[in-house]
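J.: Chain by chain, the residues run as shown.
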Amino acid sequence: SQKIEQNSEALNIQEGKTATLTCNYTNYSPAYLQWYRQDPGRGPVFLLLIRENEKEKRKERLKVTFDTTLKQSLFHITASQPADSATYLCALVRAAGNKLTFGGGTRVLVKP
Amino acid sequence: DTEVTQTPKHLVMGMTNKKSLKCEQHMGHRAMYWYKQKAKKPPELMFVYSYEKLSINESVPSRFSPECPNSSLLNLHLHALQPEDSALYLCASSQDLSTSGTYTGELFFGEGSRLTVL
Chain A
1 SQKIEQNSEA LNIQEGKTAT LTCNYTNYSP AYLQWYRQDP GRGPVFLLLI
51 RENEKEKRKE RLKVTFDTTL KQSLFHITAS QPADSATYLC ALVRAAGNKL
101 TFGGGTRVLV KP
Chain B
1 DTEVTQTPKH LVMGMTNKKS LKCEQHMGHR AMYWYKQKAK KPPELMFVYS
51 YEKLSINESV PSRFSPECPN SSLLNLHLHA LQPEDSALYL CASSQDLSTS
101 GTYTGELFFG EGSRLTVL
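Chains as they are written, first to last, in this note's numbering: chain A, 1 to 112; chain B, 1 to 118.
Just so you know, the hints here were simulated from the structure itself, not pulled from any lab data. Computed from a predicted structure; not experimentally measured. A hint or two may mislead.
[Unchecked claim] Distance ranges between label pairs, derived from CB positions:
1. A/L74 <-> B/H79: 41 to 47 Å
2. A/K111 <-> B/T7: 35 to 41 Å
3. A/K111 <-> B/E3: 31 to 37 Å
[Unchecked claim] The calculated PhoX-like cross-link candidates involving lysine-lysine, where the alpha carbons are at most 20 Å apart (straight line), are:
4. A/K3 <-> B/K53
5. A/K99 <-> B/K41
6. B/K53 <-> A/K99
7. B/K53 <-> B/K9
8. B/K40 <-> A/K3
A virtual CB, placed ideally from N, CA and C, is assigned to each residue, including glycine.
Kindly generate the complete structure, drawing on both the sequences and the hints.
T.: Following this line, the structure appears as structure tokens:
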């Protein structure tokens, strides 16, 4: 069966350090991989998209890598700040159809 | 502020009630979505509309009935719900993957409607 797995345990990190989150998938051939941020009681907010033929994407303090051989994406928050505390969701999109499927999410807590 | 507006923000209903959740977007997106999210779980896809036509139904019980009256509006009609249906219902919109040559992949979510079924 298809699975999208993220670290279910919360990630506690000191302010200023780099947070690294993992998204692994099986039995899936995504065309795109996306990362979203979700704050409690609010809808997810899109952060970054990476295509299957791209290795790395950056946006400000965020970096995403995509390894289709390992079936894994890494999401990095550099110089983390308390305001980065939230749940981060990876999501996969197939080439056909508008179907976006989310992983379980990883909660990040950045301590001052 | 999100560009997808959902109403109501909170809804409490009995198991025999009929109610509706509403969603509106004015970004010209031709794909619209309903997701259901339980506490500490990821959003689960329920329905996808593409150009006002239902394109994906993830085997959702018939007590949930979606409707897309036009390209800007999406409704979710609720009838005879169960307490386990209590959740945050999220609406989202995007460019349509099948037709957009410049697909960015970004889903725009509303803030959700918090539903409690008594």
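J.: Decide, hint by hint, whether the structure agrees.
T.: Now for the hints, and whether the structure bears them out:
1. A/L74 <-> B/H79: 41 to 47 Å: Because 44 Å falls inside the window, the suggested range holds.
2. A/K111 <-> B/T7: 35 to 41 Å: holds, 37 Å
3. A/K111 <-> B/E3: 31 to 37 Å: Between A/K111 and B/E3, where Cβ atoms are some 33 Å apart, the hint holds.
4. A/K3 <-> B/K53: violated, 28 Å
5. A/K99 <-> B/K41: holds, 18 Å
6. B/K53 <-> A/K99: It holds: about 14 Å lies between the C-alpha atoms, which stays within 20 Å.
7. B/K53 <-> B/K9: Judged against 20 Å, a Cα distance of about 26 Å means the pair is violated.
8. B/K40 <-> A/K3: holds, 18 Å
In this structure, the hints that do not hold are numbers 4 and 7, in rising order.
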